[in-house]
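Chains as they are written, first to last, in our numbering: chain A, 3 to 118; chain B, 93 to 203.
Heads up, some of the hints might be wrong.
[Said to hold, decoys possible] Counterexamples of contact, computed for chain B against chain A with all Cβ distances above 10 angstroms:
(1) Gly108
(2) Tyr114
(3) Ser118
(4) Thr140
(5) Gly145
(6) Val147
(7) Lys151
(8) Gln156
(9) Asp163
(10) Leu202
[Claimed, not checked] Pairs of lysine-lysine residues, derived as PhoX-like cross-links and limited to a Cα-Cα distance of at most 25 angstroms, are as follows:
(11) A:Lys42 with B:Lys200
(12) A:Lys43 with B:Lys200
(13) B:Lys190 with A:Lys43
(14) A:Lys11 with A:Lys38
(15) B:Lys190 with A:Lys40
(16) A:Lys43 with B:Lys162
(17) B:Lys190 with A:Lys38
(18) A:Lys42 with B:Lys190
(19) B:Lys200 with A:Lys40
(20) B:Lys162 with A:Lys55
Because the hints were derived from the structure by calculation, they are not lab data.
Where is the CB? At the ideal position from N, CA and C, for every residue including glycine.
Each chain, written out:
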Amino acid sequence: DTEVTQTPKHLVMGMTNKKSLKCEQHMGHRAMYWYKQKAKKPPELMFVYSYEKLSINESVPSRFSPECPNSSLLNLHLHALQPEDSALYLCASSQGGRGGSTDTQYFGPGTRLTVL
Amino acid sequence: TQLLEQSPQFLSIQEGENLTVYCNSSSVFSSLQWYRQEPGEGPVLLVTVVTGGEVKKLKRLTFQFGDARKDSSLHITAAQPGDTGLYLCAGTPSGTYKYIFGTGTRLKVLA
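Chain B with its partners taken away, still in its complex shape (with noise of 0.2 angstroms):
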């Protein structure tokens, strides 16, 4: 079974704080994305990484998709309440067709 193991799974910082999220897996993936969901709603698509070791920023998010391309990370600086959400990494592991979730990680940020 392909999967794609998050951590933290929960966090909860004041504002202000960095965070970094991880996303991990045995498997090689062509691509990862990110999302980040809010309650009641559906994922927000936040970036693509496609090749290894790139890095790229949105604002105060820095993405890291690692080298073997099998790991990414999220680092969040400065972290405001308008982040609070559940994030997601996914992608299809390469050769197969199946498009799989990480197990997630909750975050809150505390004003």
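Pulled out of the complex, with its shape left as it was, chain A reads as follows (with noise of 0.2 angstroms):
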């Protein structure tokens, strides 16, 4: 099984909204990943946690807060966003997260956001 779930599939909020993205895997991946991809762009890292901990976070604005509740798990929680956010948000896992051959990286099939 090398499946990276997400919910939800799209999500329409307002700028003064609070709402969560959700990530899951089930593959003994001890690295998560969050990351955004505007249109026609490759995607771009926000946040890494290695073994439930913030290892990485790419001076991402604070109206974006990443949780890890368990290695299973991954947050995304939002507020206070503004238009120009709006984008694919993508959550991903690999293996150890620490780079080598491990670090092939599964990816979810995304969280479309659009902020009014």
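Taking the hints as your guide, dock the two standalone chains into a single complex.
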């Protein structure tokens, strides 16, 4: 099973709303990632969790707040977003998360976020 | 800044034609991955190449990892409309822990 699931598939929110994106994997992977992808561009890394601890924050604004409740789950809490935050948000996981030949990442289907 | 440059950026071809996509870097990679992504969906892993000079075949797709592990190519034989999508190479440059994506190649195969 190489499946990463994400919910919801689509989300529309206003600039004053609070919402959360969810990601789940049951491959026993110890690293999980959030990416943001704008149309026709490659994914851009936002956060990396390694062994349930935040290891990389790519200078993401505080209106995005990640959380890793356990090794299988990853959340992204959203608050006071801007219209320019509208994008496809992708979750991924990898076996080790520290580079090397185990760094192949498996992606979820993404959440299409629209901020009005 | 470590970069993975892909070429071409865009490619529109007729069904049945062959094509090659290139992924180049000045950095050494312990492994490289190739993904295909369709609009509104997550990238789907196609292959991982690990050994310099390695060639892997996946049906009509042939992947090659350069001898120096700084570049890779993807060759598609007899392209089909179902091959349409964004092709991305990705990997972690040796000596770093950051997974980076190539600039992407957008392929359109016309029936």
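Hints versus structure:
1. Gly108: Given a closest Cβ separation of 26 angstroms, the condition holds.
2. Tyr114: holds, 15 angstroms
3. Ser118: Holds: least Cβ distance 18 angstroms, greater than 10 angstroms.
4. Thr140: violated, 5 angstroms
5. Gly145: holds, 16 angstroms
6. Val147: It holds; Val147 (chain B) is separated from chain A by about 17 angstroms at its closest Cβ, greater than 10 angstroms.
7. Lys151: holds, 18 angstroms
8. Gln156: The claim stands: Gln156 (chain B) keeps its Cβ more than 10 angstroms from every Cβ of chain A (closest is about 17 angstroms).
9. Asp163: Fine: 17 angstroms to the nearest Cβ keeps Asp163 (chain B) off the interface.
10. Leu202: Given a closest Cβ separation of 19 angstroms, the condition holds.
11. A:Lys42 with B:Lys200: holds, 13 angstroms
12. A:Lys43 with B:Lys200: holds, 16 angstroms
13. B:Lys190 with A:Lys43: Judged against 25 angstroms, a Cα distance of about 18 angstroms means the pair holds.
14. A:Lys11 with A:Lys38: Given that 25 angstroms is the threshold and the Cα spacing comes to 14 angstroms, the pair holds.
15. B:Lys190 with A:Lys40: holds, 20 angstroms
16. A:Lys43 with B:Lys162: holds, 22 angstroms
17. B:Lys190 with A:Lys38: Given that 25 angstroms is the threshold and the Cα spacing comes to 15 angstroms, the pair holds.
18. A:Lys42 with B:Lys190: Roughly 22 angstroms separates the two Cα atoms, so the pair holds.
19. B:Lys200 with A:Lys40: holds, 19 angstroms
20. B:Lys162 with A:Lys55: violated, 31 angstroms
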